[in-house]
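Here is what each chain is made of, one letter per residue.
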Amino acid sequence: MKITLGTVTHPGGSRVNKTGSWRTASKPRFNHQACVACDVCALVCPEGCIFGTGQNTYYANEDYCKGCGICAEVCPVHDIEMIPEAGEDG
Amino acid sequence: MVKGRMLQGARAMAEMCALCRPKVISAYPITPQTLIVEELSQIVADGDLEAEFINVEGEHSAASVVLGAAAVGVRVFTCSSSQGLLLMSEVIFNIAGMRLPVVMICVNRSVSAPLNIWNDQQDSIIMRDSGWIQLYAENNQETCDLLLQAHKIAEDHRVMLPAMVCCDGYVLPHAYEIVDLPSQAEVDAFLPSYDPIYKLDIDNPTTMGAFADPEKYMETRYMIQETMKKSLSVIEEVARDFGSSFGRSSYGLFEKYRVDDASTVVVALGSMAGTIKDVVDELRDQGEKVGILRLICYRPFPKEALYEALSAAENIVIMEKDISLGGSGAVATDMRAVFYGREACPRISGFILGLGGRDITVDDIKTTISKAQHQVADADFVGLKEDLELEGING
Amino acid sequence: MVKVEERDKFNDHLLASGHTACPGCGQSLAARLVLRAAGRNVMVVNSTGCLEVFSSKYPESAWEVPWIHSLFENTSAVAAGIEAALKITGQLDRVRVIAQGGDGSTADIGLGAISGMLERGHDVLYICYDNEAYMNTGIQRSGSTPYYARTTTSPPGKVSRGNWRPKKDVPQIALAHGIPYVAVASVGYPMDLDRKVRKALSIRGPKYVQIHVPCPLGWGTAPERTIDFARLAVLTGLYPLYEVENGELRALKIPKKVPVEEYLKEQVRFRHLFGKEDRKKEIAEIQGIADQNIEKFGLIVK
Ligand SMILES: Cc1ncc(C[n+]2csc(CCOP(=O)(O)OP(=O)(O)O)c2C)c(N)n1
Ligand SMILES: [Mg+2]
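Chains as they are written, first to last, in this note's numbering: chain A, 10 to 99; chain B, 129 to 523; chain C, 959 to 1260.
If you're looking for bench data, these hints aren't it; they were derived computationally from the structure.
Every residue gets a Cβ at the ideal spot worked out from N, C-alpha and C, and that includes glycine.
Treat the hints with caution; some may be incorrect.
Covered by chain C, according to a simulated footprint, are these stretches of chain B (three or more residues, beta-carbon under 8 Å) [to be verified]:
| no. | region |
| --- | --- |
| 1 | 150-159 |
| 2 | 211-225 |
| 3 | 266-276 |
| 4 | 291-304 |
| 5 | 369-380 |
Cross-link-like lysine-lysine pairs, in silico, DSS-like; alpha carbons within 30 Å at most [claimed, not checked]:
| no. | chain 1 | residue 1 | chain 2 | residue 2 |
| --- | --- | --- | --- | --- |
| 6 | B | K513 | B | K494 |
| 7 | A | K36 | C | K1223 |
| 8 | A | K27 | B | K327 |
| 9 | B | K327 | A | K11 |
| 10 | A | K11 | B | K358 |
| 11 | B | K327 | C | K1223 |
Partner residues are not named here, just some residues of chain B that face chain A (Cβ under 10 Å, in silico) [to be verified]:
| no. | residue |
| --- | --- |
| 12 | L228 |
| 13 | M288 |
| 14 | Y326 |
| 15 | E347 |
| 16 | T348 |
| 17 | M351 |
| 18 | T355 |
| 19 | M356 |
| 20 | K357 |
Next comes chain A alone, as it looks inside the complex:
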């Protein structure tokens, strides 16, 4: 690894931090049933790791999702659920 003058660095470096490993309890499940593509889950995700291009296409990139649960809390049609980290049966 190189230490640059003044520790000047370039964008994008944070992506090596797979903060998904922080999740201990639960993760979001996108049910893809009632989604109206309002985009609010993606808008308010503090990690910026929720994406979707239309109804019932949204998902969280689990590499970065810290499992905070805001998306499930704000979903106006309750189409996102927090499920145990190990999976539904876990």
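Mind docking chains B and C with the ligands on chain A? Use the hints.
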């Protein structure tokens, strides 16, 4: 015929600053630096320099403004004194750590309390650990010459460290002397426009001022330490360039005056060297082998060059206008470290003079020299008033 | 299943994933929303604080735009220097400058530099992320900590009911500089926040935007409820969202008054105000602040 114009020091410094074409200037008035700020404001107001002059609400911000501008990749300038420099200190360290080639003038003044607006060198000496190159001038001509060189040294890609040119308050900026300032064309030829290695740029985004954890921080300090050492040769190179470009000698790391066969060598910084040179001449006339080494570059401390220059001396007599209270003078401490454990071991004595504008007389210098020839002194105060009763000390 | 990287290719967040903010951090969300509104042609100056620390550990920068951190209290002065350099080099017509920091850096240690920057008229947008304490150093009181809140330096105790002073009103201090735009936003109202940031950036000269950002760790709130608490602060009248453009005030109306208890009761920082009869007075005082705001800003349509 003498070349140059009769100018007040502050005016000469401001004109030299403008000749270097800084794009952003920010400073805050403090005696005895104020004159420089005023002169620069006028130069910008007259349209003689195309620069942004930012009137800030304090020195911490003045240093921060030039930090921000330097991060965009433009040449900058600031100046301060005493309390102002101390208020800047957090930013001073920050600028060096961020490797931004900011250049400033420190008009040396004592540090409060008690409040005192007169000259000593305590203020800039406090900043010696900050990672700034520090150059001390003897007179107004040299202050201007060093200012020009400072930009070139700081912006050299082998260096990329900030530089501080120090001149003695009142003694220099308030004095009228003949100063020979180069033409704009000469300055432009000597000092090309600043070519930053990194900068804030929307077309090529960078992150500046990232924090470093214990796995990386120490390397950043080591990098500055090593660069400081390497910059000694850059400073000498720039001084040589300066000499050949302007036909006026510039001494580089230090000036040796009658040192070569001297058994006793005084070491001093700044304007007091003038008086000391006179004393040296007088003592030489009396057959004493005395000389003076005027240190210009205090940081980086030119350890090897000083060892070479002084190892033949029997006595090294350090006269300095600063004190690490409870310890010794800063220059004396550094100088002892140069010789400790080496083959040459001259006797090194440290004297504290001229604090808060106290006159440094010819007699002071003579008695100091003769004292040092007989015993080792450490942080001896010279020139104390014997008729004063000092509560808690005597009387 | 499409590969994750492929699906993420439309990820154009300017504050990238992989930053190390706590789960549910309101400030990280707000900062991303600010950049979403600002776009790529900005330079960001950041104070020392949580946002700086969780986004810039060398070499893992989360910033896709030019970004600089210098110190805790000099952010607006650094921004002023950047603006001056952009101006003199003719770049100011295509680059906007944002200075941002926490409430501690804004309301307390950096206030002098902010005042200088606003007064001198620099073309800079200052953004305060108000999580109502010094979170980076472990939840100490700031001038922006609300009345009676528990912090580690305003703890309730035998002779203390928590923070002994109401919040410092920095937006009004900013306004007193006669600047063209001041706004208060909340991470609970992302589209309002988005509009205010865009508005601010469309105006030349100094602008001040303060954003309320819940801090789950510092407030003792559940991470998933960050948006809820941000909204409750607005709905109670405790955090009125308003903007003043060239002297003209506009406030976001609230449908009906929600009692302050609704906001306070599930936050650990206010827990000491509950369950004891003699704490009614403090809650009534906090209600008084909300009522005053409702009146002053005309938050409820009569
Ligand atoms: C001059 C100085 N004093 C103190 C600190 C320690 N310090 C770093 S961040 C911080 C608190 C930051 O609080 P705030 O501005 O509200 O940001 P937050 O972390 O809450 O987002 C403090 C006290 C410092 N870095 N510099
Ligand atoms: Mg805070």
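Hints, one by one, checked against the model:
no.	hint	in the structure
1	150-159	holds (count 3)
2	211-225	holds (count 3)
3	266-276	violated (count 0)
4	291-304	violated (count 0)
5	369-380	violated (count 0)
6	B:K513 <-> B:K494	holds (17 Å)
7	A:K36 <-> C:K1223	holds (27 Å)
8	A:K27 <-> B:K327	holds (29 Å)
9	B:K327 <-> A:K11	holds (18 Å)
10	A:K11 <-> B:K358	holds (20 Å)
11	B:K327 <-> C:K1223	violated (48 Å)
12	L228	holds (7 Å)
13	M288	holds (6 Å)
14	Y326	holds (4 Å)
15	E347	holds (5 Å)
16	T348	holds (6 Å)
17	M351	holds (7 Å)
18	T355	holds (9 Å)
19	M356	violated (13 Å)
20	K357	violated (16 Å)
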